[in-house]
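Chains A and B, in that order, give the protein sequences. Per my numbering, the very first residue in the first sequence carries number 149; after that it's consecutive. Per my numbering, the very first residue in the second sequence carries number 7; after that it's consecutive.
No lab work stands behind these hints, which were simulated from the structure alone. Every residue gets a Cβ at the ideal spot worked out from N, C-alpha and C, and that includes glycine. Keep in mind that a hint or two might mislead.
Stated by the list, open to error - What the simulated footprint calls covered on chain B by chain A, stretch by stretch (three residues with Cβ under 8 angstroms from a Cβ of chain A suffice, anywhere in the stretch; the number is not a length):
hint, segment
1, 13 to 26
2, 92 to 101
As the list claims (entries may be wrong) - So the derived list for chain B, only partly shown, Cβ under 8 angstroms to chain A, looks like this:
hint, residue
3, H35
4, S37
5, P45
6, M47
7, G48
8, L49
9, Y110
Next come the chains, spelled out residue by residue.
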Amino acid sequence: AQKITQTQPGMFVQEKEAVTLDCTYDTSDPSYGLFWYKQPSSGEMIFLIYQGSYDQQNATEGRYSLNFQKARKSANLVISASQLGDSAMYFCAIGGSARQLTFGSGTQLTVLP
Amino acid sequence: NAGVTQTPKFQVLKTGQSMTLQCAQDMNHNSMYWYRQDPGMGLRLIYYSASEGTTDKGEVPNGYNVSRLNKREFSLRLESAAPSQTSVYFCATQSGLGAKNIQYFGAGTRLSVL
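Please model the complete structure; the sequences and the hints are all you need to start from.
See the structure below:
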């Protein structure tokens, strides 16, 4: 079984500042992937970034980076230089051998002008 | 390039009515999924289809049936809708290659059961 825990129901950040969204996971799969999705108020699910369990370096995609600490079982999302358009719900998810994704409950991020 | 298309976008049902949610993809992916999202919660897997001709139950399958009509289409049916099935339903696809299981989502169907 896989589990994702997101302990921050809501976060606020000032525009142009960096913010870290927390995610911890649990899995029995030796090979797995961590994912972050963004859900704006319009409702669609947008893939942001992926980290494989055997990847040596932390993943980066533009202003998004994933701080992967395997020993701590954490996969935090870092958004640099926050923009007003970053205000959204963010979901962490884990996938493994079963080819299914298990999602956390999400973090609502609000970027303040 | 439409990606993953869900129909309808909105639906209101009365308790006991039936309906089918449609999902079609043009990404040539093997795997397709149906999730529900309730307020304040993440997505929970209802059913999935790893490939054409196969379907499997997810975390919350009760009250639903699915059909993988062909590689492109995966439908979700509510035979007798209940208020507890009021939710937003998402279809997703995945290429199915290894652990890098990036899933791509449709825009969702918002369903209310009165």
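Verification of the supplied hints:
| no. | hint | in the structure |
| --- | --- | --- |
| 1 | 13 to 26 | violated (count 0) |
| 2 | 92 to 101 | holds (count 4) |
| 3 | H35 | violated (11 angstroms) |
| 4 | S37 | holds (6 angstroms) |
| 5 | P45 | violated (11 angstroms) |
| 6 | M47 | holds (6 angstroms) |
| 7 | G48 | holds (3 angstroms) |
| 8 | L49 | holds (5 angstroms) |
| 9 | Y110 | holds (7 angstroms) |
Of the numbered hints listed earlier, those contradicted by the structure are 1, 3, 5.
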